[in-house]
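Asks: The whole structure should be built from the sequences, with the hints applied where relevant.
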Amino acid sequence: MSILVIAEHDNRVLKPATLNVITAGCEIGGEVHLLVAGSASTAVAEAAAKVDGVARVLHADADHYAEQMPENLAALIVQTVQTVAGAAAYSHVLAAATTAGKNFMPRVAALLDVAQISEIVAVSSPDIFVRLIYAGSAVLTVESKDPIKVVTVRTTAFTAASKNGGTAVIVPLAPAADFGRSRVIGRDLTQSARPELGAAKIIVAGGRGLGSSANFHALLEPLADKLGAALGASRAAVDAGFVANDLQVGQTGKIVAPQLYIAVGISGAIQHLAGMKDSRVIVAINKDPEAPIFQSADYALVGDLFEIVPRLTAAL
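For the working numbering, add 894 to where a residue sits in the sequence shown, where the first one is 1.
Just so you know, the hints here were simulated from the structure itself, not pulled from any lab data.
One thing to keep in mind: the hints can contain errors.
To be verified - Calculated cross-link-like contacts (lysine-lysine; reagent style DSS-like; alpha-carbon spacing at most 25 Å):
(1) K1095 / K1120
(2) K944 / K909
(3) K1057 / K1095
(4) K1095 / K944
(5) K1095 / K1148
(6) K1171 / K1120
(7) K909 / K996
(8) K1057 / K944
(9) K1057 / K909
(10) K909 / K1171
(11) K996 / K1039
(12) K1171 / K1148
(13) K1120 / K1181
(14) K1148 / K909
(15) K1120 / K1148
(16) K996 / K1148
(17) K1171 / K1095
(18) K1181 / K1171
(19) K1095 / K996
(20) K1148 / K1057
(21) K1095 / K909
(22) K1171 / K996
Nothing here was measured: the structure is a model prediction, and the numbers come from that model.
Replies: Following this line, the structure appears as structure tokens:
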């Protein structure tokens, strides 16, 4: 039994989410192979070969993989999984349940004519997986009898594999055809000196209780800077226009599990809790003592956030 993990990268570095997926693959059992598809992505393949737990790195390097468009990537994955004889070369295909993974993995499942198992949080056996439903309020155990399991992984549920210790062989892989059905027109990248939200060890998140975009930035940015933290937000704060939606934490945003999560002015709707309840320590600041966020918090500060946050920032 062999497991194929799809690497997520920017043609320069391997993204941290891939390391968590590799751990999930190792828990399934069997040999873990990592597929790196990109353009001028040799550095990624070399870094991938050093990851502990990876037995082989399949490296497909071609111009039409530069942007890793889902049509081209899905075709390559299916070509890699299937053999000429019609039998499957891999029993499992795994990818992170990120924006990228959610884009190409359903295409892979459709082309292979199998069901996708989404956002697993645990592996019970090679055929049985655990995932959360109803915004994390219920746990579902899924058994798949498909010959090939197409699985996305909630990365916060698995520890990251070590970047060192592996001695995988890099195998060149022939690229699939270029479909040319879509292309990237441009990218607007958010530049920030703060850690990336999905990989941050400390997150300071704000909600509608902050009242305005000006208050959000004036109160939370100094606190985040002193803690070396990433900024996050509830959907209510995003919908109100306080910050851009790339900072949204929750069921319809990013799933995070930092060492410390500070929730400021967030009531704690179930959709938000689904995205951060796995944080190791949760600190909640809210003036409403009945706010649902306090049921999940390790430390609760009931009071006016406009007084508490500046005092907390000054004390650091």
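Asks: Are the Cα atoms of K996 and K1148 separated by 25 Å or less?
Replies: At roughly 12 Å apart (the allowed maximum being 25 Å), K1148 and K996 satisfy the hint.
Asks: Mind checking the alpha carbons of K1057 and K1095 for me, to see if they're no more than 25 Å apart?
Replies: Given pair K1057, K1095 holds - Cα atoms ~18 Å apart, limit 25 Å.
Asks: Does the structure keep K1148 and K1057 at a Cα separation of 25 Å or less?
Replies: 24 Å, holds
Asks: Hint check: K1120 vs K1181, CA-CA at most 25 Å. Holds or violated?
Replies: 24 Å, holds
Asks: Are K1095 and K1148 close enough, with their CA atoms no more than 25 Å apart?
Replies: The hint holds at about 14 Å.
Asks: Are the Cα atoms of K1095 and K1120 separated by 25 Å or less?
Replies: 14 Å, holds
Asks: Run the distance test for K909 versus K1171: straight-line Cα separation, threshold 25 Å.
Replies: 23 Å, holds
Asks: Between K1095 and K944, does the CA-CA distance stay at or below 25 Å?
Replies: 24 Å, holds
Asks: Can you confirm whether the C-alpha distance between K1181 and K1171 stays at or below 25 Å?
Replies: 20 Å, holds
Asks: Taking only the CA atoms, is the gap from K1148 to K909 under or equal to 25 Å?
Replies: The given pair, whose Cα atoms are some 15 Å apart, holds under the 25 Å limit.
Asks: Holds or violated: K944 and K909, Cα atoms, limit 25 Å.
Replies: 14 Å, holds
Asks: If you draw a straight line from the CA of K1120 to the CA of K1148, is it 25 Å or shorter?
Replies: Satisfied, since the Cα-Cα distance of roughly 23 Å is no more than 25 Å.
Consistency note: the structure conflicts with none of the earlier hints.
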